[in-house]
Amino acid sequence: MATALTTQVADVDTAAEPPAYAARLAHVSKSFGRPGARQLVLDDITLDVAPGEFVTLLGASGCGKSTLLNLVAGLDRPSAGTIEVPGARPSLMFQEHALFPWLTAGKNIELALKLRGVPGGERRAEAERLLELVRLGGAHGKRVHELSGGMRQRVALARALAQDSQLLLMDEPFAALDAITRDVLHDELTRVWRETDLSVLFVTHNVREAVRLAQRVVLLSSRPGRVAREWKVDIPQPRRIEDAAVAELSVEITEELRGEIRRHGQH
Amino acid sequence: MASTETAGTETAGTEDDAAAVGTAADAAAAAAPAAARPRKAADSHDLAGLEAGLDALDTVQVRRASLGQTLVSKALPPVVAVALVLVVWQLLVWAEVTDSYKLPAPSEVWDEVSDAWLRGTLLDYIWTSVSRGLLGFLLALVIGTPLGLLVARVKSVRAGIGPILSGLQSLPSVAWVPPAVIWLGLNDSMMFAVILLGAVPSIANGLVSGVDQVPPLFLRAGRTLGATGLRSTWHIVMPAALPGYLAGLKQGWAFSWRSLMAAEIIASSPELGVGLGQLLENGRTASSMPMVFLAIFLILIVGIAIDLLIFSPLERSVLRSRGLLVKS
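For the record, the sequence lines run as chains A and B.
Just so we're on the same page, our numbering is the position in the first sequence counted from 1, plus 209.
Just so we're on the same page, our numbering is the position in the second sequence counted from 1, plus 1.
Just so you know, not all the hints are guaranteed correct.
[Unchecked claim] Which stretches of chain A does chain B cover? Using the computed rule of at least three CB atoms under 8 Å from a CB of chain B, they are:
| # | segment |
| --- | --- |
| 1 | 289–303 |
| 2 | 309–315 |
| 3 | 352–364 |
| 4 | 386–393 |
Hints listed in this document are in silico derivations from the structure and should not be mistaken for laboratory results.
Ideal Cβ positions, reconstructed from N, Cα and C, are used throughout, including at glycine.
Given the sequences, and given the hints that come with them, work out the whole structure.
Next comes the structure, spelled out in structure tokens:
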């Protein structure tokens, strides 16, 4: 918690009581390009992620999902509006595993711990614990290229958890995996999320995945990205991607998403 | 939890659960323990087994060739090639294609080698040049590395001296010998100056191209982990740029060695001792082709040996550890 906040993050008094949100976006807009030829990518996004909540952001191409995550992660600044993320810098997982190939799986995690300020003597044990958490107990000395795609993403998850932030941002982390592995990682992520007190903001274009994982699905419209609609998902966990309730809600959301996409063909 | 659901979430769905707020899912899970719990336990067990199976199926097996295979595939071809060159050379001598003072027989060159060995000067020649070359190279390393980092990371520095650095690489370092002699005199520091001017641009440029090729994803990942500024340079940029940097070092050594030979051939003085370049020059003035050949071979062999003993293993181990040498 002591880590310095990202620049655009408003300081929140963490001493009194824990803040009522893991992330708060108020009227956030983002545009790119030179003045005069600016392109609005995100328009007036207002969104709260509650502590411990799992939210998926769903949208077609061009909805600015990744841009939004970059803003929350502090890698970029919004053009307007405010983003508040109390506590440590949020951790971020990418579609590519983004593990450093010059380090072993365990050392990747230890680097995250080191950058967080964990003393040298404790890093090894903590890395082992995190690898156990993603069920890769024996993989500490493995090189990244020796791991399968699913294992790499699990190490990446462990590395993200090593940052010990309250908020985990995920940018289509399973999009490049095969269906079976993705299914297993859904279970794995749900398990890890329930075992920790993490809040998750998960970006995807896969409706089923969004419904399978989230407590709340937020649909973004495209060009510019706006919050189009949101759904509470109260299907009890553990869910399966083939559950009837998941399918039912997915059909409804897919219709809505298609409607959003169709609008773009009409101009 | 429920209190946080108010801001900005007014776009409630048409579903009848729209009234239920954040805790709904948790409550539902808790309210149906009999149904949920056995399934959860079974799922958890299944998941571990499933995952272990997937891991085993997907894991890449890395196999390394045995020593015998390596010898046959790597050492044998160059030995055969050298033997062929010697045979052709001997045939040319027997065919008397040219005067014997222009093309000595391999045996004459060998006599020159054993002569120098018996006089105890062979290792002196080599050591004089190698020690100079390596020391100069290490100096170039110490100067070239921070210079390369500066050029790679600081925009104004790159705009200012980047092109000059690339230009210097194409300037033959022998061109620096006359000014170096005038500025520094006939001594070791003049040799080092020529080596530095040859090798520093190579090393710096290698590092610059290594840094340029660092995938932006690594920098983003590093930033989210909290690596900024110098910590990013040390933990992310430098290790990620290592392959390019090593290629630059390898080229830097080649440039050091060539610059040194040029300097030794041109600038001779008794105080400088006899290095390989001086040996070559001595051979020319004495019109002794065996000595000239000896010097050329030694220069070549030292260059190859340093590459084989230092740079190639280093490069291969770096590439192998990153999975860049794995053949499927």
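Hints versus structure:
1. 289–303: holds (count 5)
2. 309–315: The restraint on the segment 309–315 of chain A holds, since 4 of its residues have a Cβ under 8 Å from chain B and three suffice.
3. 352–364: holds (count 9)
4. 386–393: holds (count 3)
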